[in-house]
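Undergrad: Heads up: the sequence lines are chains A and B, in that order. The working numbering applies: residue 60 is where the first sequence begins, and numbers increase by one. The working numbering applies: residue 9 is where the second sequence begins, and numbers increase by one.
Honestly, I wouldn't trust all of these hints.
[To be verified] Just a sample of chain B residues kept apart from chain A, beta carbon distances all over 12 Å, derived:
no.	residue
1	Val12
2	Gln14
3	Leu27
4	Leu52
5	Gln53
6	Leu54
7	Lys64
8	Gly69
9	Phe70
10	Thr73
11	Arg75
12	Thr78
13	Ser80
14	Asp92
15	Ala99
16	Leu111
[As the list claims (entries may be wrong)] Beyond 12 Å from chain A on every Cβ pair, some chain B residues (computed):
no.	residue
17	Glu16
18	Leu21
19	Ser22
20	Thr34
21	Gln46
22	Ala61
23	Glu71
24	His82
25	Glu84
26	Lys85
27	Gln89
28	Ser91
29	Ser93
30	Val95
[Said to hold, decoys possible] Just the calculated beta-carbon pair ranges, DEER-fashion:
no.	chain 1	residue 1	chain 2	residue 2	range
31	A	Glu111	B	Thr20	41 to 51 Å
32	A	Thr74	B	Gly69	28 to 38 Å
33	A	Thr74	B	Gly37	14 to 24 Å
34	A	Asn129	B	Glu16	39 to 49 Å
35	B	Gly49	A	Pro142	22 to 32 Å
36	A	Glu111	B	Ser11	24 to 34 Å
37	A	Glu111	B	Leu21	41 to 51 Å
38	A	Thr74	B	Gly9	46 to 56 Å
39	B	Val90	A	Lys73	36 to 46 Å
Since the hints were made in silico from the structure, they are not lab data. The beta-carbon is built from N, C-alpha and C at its ideal position, and this holds for glycine as well.
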Amino acid sequence: NAGVTQTPKFQVLKTGQSMTLQCAQDMNHNSMYWYRQDPGMGLRLIYYSASEGTTDKGEVPNGYNVSRLNKREFSLRLESAAPSQTSVYFCASSLDSSRDTQYFGPGTRLTVL
Amino acid sequence: GDSVTQMEGPVTLSEEAFLTINCTYTATGYPSLFWYVQYPGEGLQLLLKATKADDKGSNKGFEATYRKETTSFHLEKGSVQVSDSAVYFCALGEWANFGNEKLTFGTGTRLTIIP
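With these hints in hand, go ahead and build the complete structure from the sequences.
TA: Below you can see the structure in the form of structure tokens.
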């Protein structure tokens, strides 16, 4: 049972490049989330998906897009990376909502030069 | 909006010392409260949670009580171990759009236990 997996683990981009962060869960969860973690700021929600086929903005959605490809997979896309997007990105899932335990992936460390 | 304020770190303690990490919150409704822990190089994992006032969450010797009157959810452990060294996050779960909740996190407290 892998839980929540994320790829890649590390990535370096140049300003203006694009990339997609992949996330998958094998727990049959309905809700999935993307967070970014920055020093001194805790985790901030970028986007979430309450169920397959729905997505909604979180606290810091600007510069990002998401796709809930199916129940298992939730991807995060940076269309034109900026240095301000240098961060550690975590994907998480929960059974139905944040009242349920959220299970986190190991994270992707992204550096934008 | 809702917010979580937790004790600034880093916190350094000797093994077997008593631990308290303070957490207070502001919320308009009746949120769920959580403590998550992050070990080096890993993602976050749930340590404990409480869903209503006066509930006590507990796990691995850690405890926290949901205090509505003081809007607090302080984390305590009677005797810490080296293996407890990690970053601890207090979080608040609120109802958002479409009936789904989202978590608001505190900034995290780094705990180091010295043998």
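Undergrad: Run every hint past the structure and note whether it holds.
TA: So, going through the hints one by one against the coordinates:
1. Val12: The claim is violated: Val12 of chain B sits with its nearest Cβ about 8 Å from chain A, within 12 Å.
2. Gln14: Given a closest Cβ separation of 9 Å, the condition is violated.
3. Leu27: holds, 20 Å
4. Leu52: Given that some Cβ of chain A is not farther than 12 Å from that of Leu52 of chain B, nearest at about 4 Å, it is violated.
5. Gln53: Non-interface label fails for Gln53 of chain B: nearest chain A Cβ at 7 Å, not farther than 12 Å.
6. Leu54: violated, 5 Å
7. Lys64: holds, 17 Å
8. Gly69: Holds, because the least Cβ-Cβ distance between Gly69 of chain B and chain A comes to about 19 Å, which exceeds 12 Å.
9. Phe70: holds, 15 Å
10. Thr73: holds, 18 Å
11. Arg75: Since the minimum Cβ distance to chain A is about 19 Å, Arg75 of chain B lies beyond 12 Å and the statement holds.
12. Thr78: With a cut-off of 12 Å, Thr78 of chain B remains clear of chain A, as the shortest Cβ separation is near 21 Å.
13. Ser80: holds, 18 Å
14. Asp92: holds, 19 Å
15. Ala99: violated, 8 Å
16. Leu111: violated, 5 Å
17. Glu16: violated, 10 Å
18. Leu21: The claim holds: Leu21 of chain B sits with its nearest Cβ about 22 Å from chain A, beyond 12 Å.
19. Ser22: holds, 26 Å
20. Thr34: holds, 15 Å
21. Gln46: violated, 8 Å
22. Ala61: holds, 15 Å
23. Glu71: At about 18 Å from chain A, Glu71 of chain B clears the 12 Å cut-off, so the statement holds.
24. His82: Label holds. Min Cβ-Cβ 17 Å, cutoff 12 Å.
25. Glu84: holds, 21 Å
26. Lys85: holds, 20 Å
27. Gln89: Fine: 23 Å to the nearest Cβ keeps Gln89 of chain B off the interface.
28. Ser91: Nearest chain A Cβ is 19 Å from Ser91 of chain B, so the label holds.
29. Ser93: holds, 18 Å
30. Val95: violated, 10 Å
31. A:Glu111 x B:Thr20: 41 to 51 Å: With a Cβ separation near 45 Å, Glu111 of chain A and Thr20 of chain B satisfy 41 to 51 Å, so the hint holds.
32. A:Thr74 x B:Gly69: 28 to 38 Å: violated, 47 Å
33. A:Thr74 x B:Gly37: 14 to 24 Å: About 41 Å separates the Cβ atoms of Thr74 of chain A and Gly37 of chain B, which means 14 to 24 Å is violated.
34. A:Asn129 x B:Glu16: 39 to 49 Å: holds, 42 Å
35. B:Gly49 x A:Pro142: 22 to 32 Å: holds, 24 Å
36. A:Glu111 x B:Ser11: 24 to 34 Å: Since Glu111 of chain A and Ser11 of chain B have Cβ atoms about 31 Å apart, the given range 24 to 34 Å holds.
37. A:Glu111 x B:Leu21: 41 to 51 Å: Given about 45 Å between the Cβ atoms, the range holds.
38. A:Thr74 x B:Gly9: 46 to 56 Å: With Cβ atoms ~31 Å apart, the hint is violated.
39. B:Val90 x A:Lys73: 36 to 46 Å: holds, 41 Å
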